[in-house]
Amino acid sequence: MRHKIRLEGVVTPENAVSQYCYLPFSVPAGARRLEVSYFYDNQVTGAQETHAGNNIDIGVFDVRGADFLTGGFRGWSGGARSGFFITPQSATPGYLRGPIQPGEWNIMFGCSKIDDASVRYRVNVDVDVDPAAEHEPASDAAVPVPGMPRAEAVAGGSNGSGGRWYKGDLHAHSEHSDGQNTVEEIVNYTRQIGLDYFALTDHNTISHWDELARLNDRSPLLIAGEEITMYGGHANVWGLDSWIDFRGSDAERVQRLVEDANARGSMFSINHPDSPIPWKHDDVRGYQAVEVWNAPWRWFNEPALLRWEGHLKLGERMVAVGGSDSHCVPPAVMTQPNGPGEPCTWVYVEGPLTERSVISAVERGHVFISEGPTGPFIELCADADGDGVFETLPGDRIDAAPETPVRFRVRYRGPDGKHLRFFSKRGLVKELTPAVEEYDDEFDLRLEGDDFLRVEVRGFRGRPDRGEVVHAMTNPVYWGAWR
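According to our numbering, the residues represented by the sequence shown are 2 to 484, in order.
Please keep in mind that the hints were generated in silico from the structure rather than gathered at the bench. Do not take every clue at face value.
As the list claims (entries may be wrong) - Once the Cα atoms are required to be at most 25 angstroms apart in a straight line, the calculated SDA-like pairs of lysine to any residue come out as: (1) Lys426 - Val407; (2) Lys5 - Pro100; (3) Lys314 - Asp211; (4) Lys431 - Arg412; (5) Lys431 - Lys281; (6) Lys281 - Gly79; (7) Lys5 - Gly31; (8) Lys426 - Arg459; (9) Lys5 - Ala30; (10) Lys426 - Ala401; (11) Lys426 - Gly450; (12) Lys5 - Gly66; (13) Lys281 - Ala92; (14) Lys314 - Glu351; (15) Lys426 - Glu438; (16) Lys281 - Ala134; (17) Lys426 - Arg464; (18) Lys426 - Gly460; (19) Lys426 - Glu380; (20) Lys314 - Gly450; (21) Lys281 - Glu50; (22) Lys281 - Gly80; (23) Lys314 - Arg447; (24) Lys5 - Glu185; (25) Lys426 - Ala482; (26) Lys314 - Asn125; (27) Lys281 - Pro304; (28) Lys314 - Leu448; (29) Lys5 - Glu36.
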């Protein structure tokens with residue numbers, strides 16, 4: 002038996018101010034399938050930033066409620082789909098399979114763009130009910146949490162006991178949000194290009210985790226993530242054990258999201274802070290990283306670099322990471338010029354390669370970024386105690402007396418003729434242009450005050466009149482007091 006529910010009404014620009022609105026509906030006992038489709042007036046076509054019209058995103062919460070930070074989340078597709086279904090055994094990508102409990106559910110609209118004075122909408126909710134189960138007591142079965150990827154790399158993967166640099170990607174999307182590929186297609190691609198680890202961070206959902214767990218039987222190490230996709234900025238969260246809310250409609254709520262992630266032992270990193278969705282919550286504190294390099298360097302990364310350097314010059318220790326933000330790999334039509342691993346985030350891990358060891362390396366700032374999995378490779382380290390061992394890595398702090406000279410070492414593997422530029426709080430302090438593809442150098446630097454040293458590899462790609470790009474960059478080595 003099919004129960005048909007119709008929800009109709011209007012949304013206005015005022016709804017866009019509050020960002021989210023909720024449409025409650027009642028699910029009868031014995032439900033075996035929930036199917037939803039929706040329609041609204043004057044849907045925007047093309048980029049929301051440049052095209053007129055309306056955009057209403059959609060998701061759903063079950064009988065556990067729809068309050069902020071609640072556990073009742075059952076899925077989100079944003080504006081990528083016009084409908085979805087949920088059954089106990091399966092669901093549309095982006096949505097969580099599981100029991101369809103009787104009671105009040107809520108369709109959630111995300112009103113990201115409302116140009117018209119009023120926008121009519123219609124939501125069709127079709128509930129398939131087993132008549133034989135209509136009078137049965139409600140099941141107390143829990144909604145299954147999608148499977149978690151394994152804790153360690155498997156035998157034959159990158160799980161050596163010594164310390165080394167591992168290459169990977171911290172930001173990508175599949176068909177579980179607005180990507181064009183299955184999880185399996187993406188994972189196979191990352192294997193072909195030789196990544197050691199890979200984080201899949203679909204927008205506002207964790208439905209992709211089941212497939213990550215199924216595929217996580219060999220390299221690369223697969224990391225469960227979620228991109229918190231707010232209308233005032235985006236952020237990745239890695240190391241989760243369950244869904245994290247994304248409804249940061251104001252700075253107070255965003256601060257609570259950061260605190261929630263930290264309380265769970267996860268890592269919160271703001272994404273592409275200047276474009277295409279600028280970060281609007283500069284008063285929020287407690288996040289540990291910023292995506293300085295998103296997709297090809299020329300797109301919008303120079304402002305992100307300046308923003309990150311602003312944190313450093315204020316004495317704020319902030320880890321720079323990269324992310325491809327890939328939405329497509331072959332055989333899908335390539336709608337962006339880069340794929341997973343472009344850029345590539347390298348992490349220095351001692352011991353087995355695990356989700357926890359990767360996240361810990363990022364937290365410590367043991368990170369450099371290159372334009373791809375083949376490099377360039379750039380390593381900056383320091384001999385902090387003068388014993389001839391360069392044990393201080395990017396992200397580490399040198400504990401030495403002021404005015405102490407410290408020996409640094411830089412190792413570069415990449416095209417010749419590129420410029421290695423060393424920056425501190427004072428700006429550019431040193432520049433090298435190796436004429437060889439394998440270059441090592443050591444030099445002394447006198448420590449003054451609270452400062453840092455980091456390296457960028459820059460050069461031309463394509464027409465010189467388009468200016469230089471960053472080919473690789475390190476995180477800083479710090480000294481003095483840092484917070």
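>> Flag every earlier hint the structure violates by its number, smallest first.
In response: Result: hints 3, 5, 13, 14, 15, 16, 17, 24, 26 break, sorted rising.
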